[in-house]
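Position chain A relative to chain L; hints supplied.
As given, the protein sequences belong to chains L and A, one line each in that order. Taking my numbering, the leading residue of the first sequence gets 1, the next gets one more, and so forth. Taking my numbering, the leading residue of the second sequence gets 669, the next gets one more, and so forth.
To be clear, the hints were calculated from the coordinates, so they are not data collected in a lab. Think of the CB as a built atom: it goes at the ideal place given N, C-alpha and C, for glycine as much as any other residue. Accuracy of the hints is not assured; some may be wrong.
[What the hints assert, rightly or not] DEER-style ranges, computed between Cβ atoms:
1. L:Glu22 / A:Asp1144: 50 to 56 Å
2. L:Glu270 / A:Thr754: 21 to 27 Å
3. L:Asn336 / A:Asn747: 53 to 59 Å
4. A:Leu883 / L:Glu50: 41 to 47 Å
5. L:Ala331 / A:Gly888: 53 to 59 Å
6. L:Trp386 / A:Leu783: 50 to 56 Å
7. L:Arg475 / A:Leu883: 47 to 53 Å
8. L:Lys373 / A:Phe743: 43 to 49 Å
9. L:Arg475 / A:Asp811: 51 to 57 Å
10. L:Asn667 / A:Asp1237: 52 to 58 Å
[Said to hold, decoys possible] Once the Cα atoms are required to be at most 20 Å apart in a straight line, the calculated EDC-like pairs of lysine to aspartate or glutamate come out as:
11. L:Lys562 / A:Asp1182
12. L:Lys178 / A:Asp894
13. A:Lys1230 / L:Asp514
14. L:Lys207 / A:Asp1182
15. L:Lys610 / A:Asp898
16. A:Lys846 / L:Asp230
17. L:Lys178 / L:Asp230
18. A:Lys897 / L:Asp230
19. L:Lys178 / A:Asp898
20. A:Lys1278 / L:Asp143
21. A:Lys897 / L:Asp226
22. L:Lys207 / A:Glu889
23. A:Lys1278 / L:Glu142
24. L:Lys178 / A:Glu889
25. L:Lys610 / A:Glu810
26. A:Lys846 / L:Glu221
27. A:Lys1278 / L:Asp141
2 protein chains.
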Amino acid sequence: MKKAIIIFLMVFGFQSILNAQELALMPLPQSLEINEGKFRIDRNFNIQIEGLENERLINGSYRFLRRLDDRTGFFFYQNNDFKVDTASSLVIQAQREGELKIHEDESYTLLIDTLGISINAPTDLGAMYALETLVQTLSVDEDGYYFPAMKIEDSPRFTWRGLMLDPARHFLSVSAVKKQLDAMASMKMNVMHFHLSDNQGFRIESKLYPQLHQLGSSRGEFYTQDDIKDIVAYAALRGIRVIPEIDVPGHATPILKVFPEIGSHTGDYEYVLETWSGVFDPTLDPTNEKTYEILKDIFTEVSALFPDEYFHIGGDENEGHHWDANENIQAFMKQNGLEDNSALQTYFSNRVLEIVEGMGKKMVGWDEIYNPKLSKKAIVHGWRDWEGLDVYAAAKDGYEMIISEGYYIDLMHNADVHYLVDPVDPELSPKAKELIIGAEAPMWSELVTEFNIDSRIWPRTAAIAERFWSAEDVRDVEDMYRRLDRVSLYLEQDGLAHNSSRESIMKSLSNGEDIAPLRNLVNVAEPMKVYTRNPGGKMNHNYYTFKKFADAATADAPDARKFNYLVKDYMKTGDAIAEKEIRSYLKTWEANHEQLLPVIQQSPILGEIKELSENLSIVSQYAIESLNGVNKTDSWKRKASLAVANARKQGGRTELAMVDSLELLINK
Amino acid sequence: MKKAIIIFLMVFGFQSILNAQELALMPLPQSLEINEGKFRIDRNFNIQIEGLENERLINGSYRFLRRLDDRTGFFFYQNNDFKVDTASSLVIQAQREGELKIHEDESYTLLIDTLGISINAPTDLGAMYALETLVQTLSVDEDGYYFPAMKIEDSPRFTWRGLMLDPARHFLSVSAVKKQLDAMASMKMNVMHFHLSDNQGFRIESKLYPQLHQLGSSRGEFYTQDDIKDIVAYAALRGIRVIPEIDVPGHATPILKVFPEIGSHTGDYEYVLETWSGVFDPTLDPTNEKTYEILKDIFTEVSALFPDEYFHIGGDENEGHHWDANENIQAFMKQNGLEDNSALQTYFSNRVLEIVEGMGKKMVGWDEIYNPKLSKKAIVHGWRDWEGLDVYAAAKDGYEMIISEGYYIDLMHNADVHYLVDPVDPELSPKAKELIIGAEAPMWSELVTEFNIDSRIWPRTAAIAERFWSAEDVRDVEDMYRRLDRVSLYLEQDGLAHNSSRESIMKSLSNGEDIAPLRNLVNVAEPMKVYTRNPGGKMNHNYYTFKKFADAATADAPDARKFNYLVKDYMKTGDAIAEKEIRSYLKTWEANHEQLLPVIQQSPILGEIKELSENLSIVSQYAIESLNGVNKTDSWKRKASLAVANARKQGGRTELAMVDSLELLINK
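So that you can see chain L by itself, here it is in the shape it has in the complex (with noise of 0.2 Å):
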């Protein structure tokens, strides 16, 4: 893994310098070394695809020129075969089609002098990915679009890169699956994990068992064979792989509705597809034999559509007790010295292995399967790492690994958490590093829905993207946010709602009145990490909608951080400026409350966040008294004390997300 060199060659000037310094390149590539001089773009701009010429860089240079006329406005049209007569822009060559699997050749060179553009890649994946970093360079000056002279290597860290989406909780359209790949593939990511059924629903057509998604899921929420066979081609244009997962032998609701035989609770025992989130008790019987037998007839036909070589059988959260309470399983165990569940579910993975590895597919499981009695042909995705357990236990102990630990993007922690936690532990052996093929991002669903899953998603885990992508010593958190914003103005130009979607929220949300106020807040709450905005999974249905202030309000509240910046800075050198800028926003949060409880009263569904709203103000009033130099008294320091209390209090399933900061200015 090379390290990131970043040049600057300073020859001509500050402007192009300044530029330079500008861009926002996420991930960050290997090498990085920008030259003097621009390579302009008029509406002759062009593309020449020489040496391999297939239908995914067709369709990638396709659009590549789309993106480029929204951005500059100009139309570029060619005709499909990209082949230029006279001087071509852009001339794309690569040696051959690689191939979607893992550790194939992803790298590219990407050349942009001031007479031309090219780029040199072994595989048409690292050609696509030379497209994705070119389109981040598109720079802007007095006389117009430019791309900046560079000289960029690059090559992933990592061949595993990905992003799991979670129909099963709530549905996804193929669209809204579409636009998620299409954001995949502008951060370099190369897996999606797609976790087809859960114990709310079995969201794939089956022509063997059509019970299966009928049901397995309410009002018609399945994929089509057809539906899978268009999400597959899509994601293989854009470099991008498809793992499926049928979840098992827990999460398995669905399966045992439809085969409640193959169930391990004894007697009369209804399975009834859940609609709130949780973990639940309905398991299969790994003691029969006719769980594996219409385990392989699904998995087959599922398999079938997917043309990656790993399947991801789930695994996880089986907690037993129907286990537990099935004499019948118990006696199987004593017989077959399974000393306990964990022995028993490796006995049902193993089994599980034996068929998946039939159908000439290798397995992955969460990391609940691992034991040292499971096979070393199975790939452990590793998650869990509390309570003693070591995530990286079953990479020690010999198995390929996949990470995602620290990637839970459903928790809602800020990007930075997520970007400074890398895939490998550095004091594990050479050996067990090797074995971790990458990571992966989980979007687990139980909040999500095809409304608000854009600004679930991103644009936090282009972060998460640039982890598993750029080295490892790519850490500086200020720079990563400094990108993110730029990348976040990308992702929307390409298409994402993760902005106008928030702003759908607050105008529903007000009623028709003027939004500005609502907005004032929500860009400083942040929705309740971890699980506590749902307790228990008992707070919110699964058919509720989402569409509250909780779903208006983000990650990296963007006030909230401005802010957060501004007082460290401020704390440390007294800056005017800072001191400037803080008692502008002061004023406003202050100030806020009165505009927005108008907007409150005629739409009382905000009355969720009056009290955040109040409490904003009080806290930002003390804190201008604070740097006004107001005498402090025993009794100003109590009533502070207590505003800066009720400001961390929750509101609308929110929190503020700068109360430290305007703790800190308090107590100056």
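Just chain A now, with coordinates in the frame of chain L:
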């Protein structure tokens, strides 16, 4: 047709009257009686389905609850049987399942009093419309959400209330189509006319002739047969019929690309999918028996996917150039006594009608199919009303008609233009009037993509939906706009992106700068109307993505509309409050150019509106001077008049929509 009876029972003082007057029902019901009292909503609100209980009512009730969730913040979960043990808030009683066919009963009675709500309807279709009306009556006061007491008796004026979608020119995903169906249902429209084939693409999978969708669409942009079934079922749950159109004998390039042997051009000729807009020459050969064999195959396969009784064969804009140049066709005409191309097309239409009737369907065609020799079984779709053409000619001659003349929403007229067009000429004979079974708004998609379609159709089309549903004498434009502003919010609450997508475009165009000054300009600029934005179809290629200034702009530019009303009022009354508001607008516009200029400099894509922005600033300055009582010298008048003339110039393919008002102020 009943007259609208609006009775305000002013029993309980100001508050309840105010709310009643503020109701934004659209389309306006035939009879509305506002009573005293309120039915309050708490978290126990529930629905009881009595009488008929079918999938449509269950699904509709489920969706109603979700929309009420969104608006109130409660979560109204009910089991899917909608049987309530305790007291029920809303009782739905439909007598029988409505059939999706013309002249079906769609009437309903909605009764709200302080104790509860009841819906009674002869069919579930009427009951569904009652739910749409009910959701619009949701009101708020200091104590929370409630439904005002009222009695509504309602039924549509026309049985065919359509919107035409055109995925041929720019494809629309299944999700995008479903969003339109949701919006249509909320506006009580009941026909989605699906223009599935045109020179630019054949958008439906053919299992019989797979080349039709394979060669007839690029980038996989077609509906699978499963997609079509999904769309038809989704529409049916909302009481919407789906009418497919396969346009012949012109507009049929994809068919000719696959079957060049049935084309009218002689000799070697390559049929190529069009990627520009316009009227093109390729035409089926009506003298070739094979033409009818192939059409029979295609129509039979397509129509089997659409349960509706009607099938649209297009028939428009065949200029017959290839017929004129084909000797065999000329000979055939002579031989069969067909005096001109219209007669030949009628021969063709009658042959096609036999095919359609043979499938058990009724044939609809655009009004070019009309000719006295056309079978009386055909339904004529009127759209032409120029150069001596009478759009009602076919109705006068005894044919059933659907009217689209006056409702071409692709022309980007303001809502009032369409609103004031009645589908029926009052001077028609009673018999001819009866033959007008309804009307349709066509959304031709030369400049319309999945990304911008919401704002091209909505909210404007809600005013047209009112024209199709409500009484003939409901024609108060000012009240229509008052309600339309509210309906726009309802549509946004239900998931349309007609506002938020425009915000996204503005953000992208502003390249990360503050979008406020751009928004100020967008809010007074309207996309050039009729076909002037894209002269001759040659300014914008089909592959273009349409995220420019003109796509952020809409018809009915909101600030221009408000300003025009203010000036009208002020010129009549000299009202001081109006003057103050006028001055506030003028000041903003005058100062706006200076704010926008730095944004334009950072974003050359906005160069196209630099002059527009500057012209707005200058003309506003003259209007201010005029209001200030400047001495209007000849020189001042000349310069002011030049400023007005400049303000009329297009910029970014838009025009300022309040220049007449500015001119009035300047000449005051």
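Tested hints:
At roughly 54 Å, the beta-carbon separation of L:Glu22 and A:Asp1144 lies within the given 50 to 56 Å, and the hint holds. Roughly 25 Å separates the CB atoms of L:Glu270 and A:Thr754, a value that falls within the hinted 21 to 27 Å. Our hint of 53 to 59 Å for L:Asn336 and A:Asn747 is violated, since their Cβ atoms are close to 43 Å apart. Checked against the given bound of 41 to 47 Å, the beta carbons of A:Leu883 and L:Glu50, roughly 27 Å apart, lie outside it.
Against the hinted window of 53 to 59 Å, the Cβ-Cβ separation of L:Ala331 and A:Gly888 comes to about 54 Å, which satisfies the hint. Between L:Trp386 and A:Leu783 the beta carbons are some 54 Å apart, a value that agrees with the proposed interval 50 to 56 Å. Evaluation of the 47 to 53 Å hint for L:Arg475 and A:Leu883 yields a pass: the beta carbon distance comes to about 52 Å. For L:Lys373 and A:Phe743, the Cβ-Cβ distance of about 45 Å falls inside the hinted range of 43 to 49 Å, so the restraint holds.
Checked against the hint of 51 to 57 Å, the pair L:Arg475 and A:Asp811 passes, with Cβ atoms roughly 54 Å apart. At about 56 Å, the CB distance of L:Asn667 to A:Asp1237 agrees with the hint of 52 to 58 Å. Distance check on the hinted pair: L:Lys562 and A:Asp1182 sit about 16 Å apart at the alpha-carbon level, within 20 Å; holds. For the suggested pair L:Lys178 and A:Asp894, the alpha carbons sit about 18 Å apart, so the restraint of at most 20 Å is met.
A distance of roughly 16 Å separates the Cα atoms of A:Lys1230 and L:Asp514; the hinted pair therefore holds under the 20 Å criterion. For the hint pairing L:Lys207 with A:Asp1182, the CA-to-CA distance comes to about 53 Å; that exceeds 20 Å, so the pair is violated. Restraint check for L:Lys610 and A:Asp898: not satisfied, since their Cα atoms lie roughly 43 Å apart, outside the 20 Å limit. This hinted pair checks out: A:Lys846 and L:Asp230 have alpha carbons roughly 18 Å apart, not beyond 20 Å.
For the hint linking L:Lys178 to L:Asp230, the alpha-carbon distance of about 9 Å falls within 20 Å, and the restraint holds. Between the alpha carbons of A:Lys897 and L:Asp230 the distance comes to roughly 17 Å, so the proposed pair stays at or under 20 Å and holds. The hinted pair formed by L:Lys178 and A:Asp898 meets the criterion: a straight-line CA distance of about 18 Å does not exceed 20 Å. As the CA atoms of A:Lys1278 and L:Asp143 are separated by approximately 15 Å, the hinted pair is consistent with the 20 Å bound.
Taken as a hint, the A:Lys897 and L:Asp226 pair is honoured in the structure, with Cα atoms around 13 Å apart against an allowance of 20 Å. Restraint check: the Cα-Cα separation between L:Lys207 and A:Glu889 comes to about 25 Å, which exceeds 20 Å; the hinted pair is violated. Proximity of A:Lys1278 to L:Glu142 is assessed by CA-CA distance (about 14 Å); at most 20 Å being required, the pair is judged to hold. Restraint check: the Cα-Cα separation between L:Lys178 and A:Glu889 comes to about 13 Å, which is no more than 20 Å; the hinted pair holds.
The hinted pair formed by L:Lys610 and A:Glu810 meets the criterion: a straight-line CA distance of about 14 Å does not exceed 20 Å. Between A:Lys846 and L:Glu221 the CA atoms are separated by roughly 13 Å; this keeps the pair inside 20 Å, and the hint holds. Only pairs whose Cα atoms come within 20 Å are accepted, and A:Lys1278 paired with L:Asp141 is accepted, the gap being roughly 17 Å.
Consistency note: the structure conflicts with the earlier hints numbered 3, 4, 14, 15, 22.
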